[in-house]
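**Student:** Sequence:
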Amino acid sequence: MMIGFLRETLGTFLLTLLVLVAYSTAMVCLWGFMLDYLSPSWDPPSWVEITLYFVWVVFHMLWAETITYKREKSMNRDDAEPEDGE
Numbered sequence: 116m117m118i119g120f121l122r123e124t125l126g127t128f129l130l131t132l133l134v135l136v137a138y139s140t141a142m143v144c145l146w147g148f149m150l151d152y153l154s155p156s157w158d159p160p161s162w163v164e165i166t167l168y169f170v171w172v173v174f175h176m177l178w179a180e181t182i183t184y185k186r187e188k189s190m191n192r193d194d195a196e197p198e199d200g201e
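Residues in the sequence shown are numbered from 116 upward in steps of one, following the numbering used here.
Wrong hints could be hidden among the right ones.
[What the hints assert, rightly or not] With beta-carbon atoms standing in for the labels, derived distance ranges:
no. : residue 1 : residue 2 : range
1   : Lys-188   : Phe-128   : 33 to 43 Å
2   : Met-149   : Lys-185   : 29 to 39 Å
3   : Trp-178   : Asp-151   : 20 to 30 Å
Hints are computed from structural coordinates only; laboratory data are not their basis. Positions of the beta carbon are idealized from the N, C-alpha and C atoms, including for glycine.
Generate coordinates for the entire structure from the input sequences, incorporating the hints supplied.
**Tutor:** Put into structure tokens, the structure is as follows:
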């Protein structure tokens, strides 16, 4: 019982940390993109740069969502299994 609680707590903490790192990384990339775009030189970034930034953001969001989905699916499967001795 205690091991399950610790595993769930640690898993939730690590998942939260992963999501925060993913979103903050994406936001830093977007911030860098905006600073480059709004620089006084007015050299617009190429479409390749823009595409790479958006792919980076979408990848991190999907990665975090996939891990969340797998965790929820795993937790639901654990709930459906009957306990030993019942």
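**Student:** Does each hint fit the structure? Answer for all of them.
**Tutor:** Structure-based check of all given hints:
no. : hint                          : in the structure
1   : Lys-188 / Phe-128: 33 to 43 Å : violated, 19 Å
2   : Met-149 / Lys-185: 29 to 39 Å : holds, 33 Å
3   : Trp-178 / Asp-151: 20 to 30 Å : holds, 24 Å
Comparing the model with each earlier hint shows a violation of hint 1 alone; every other hint is respected.
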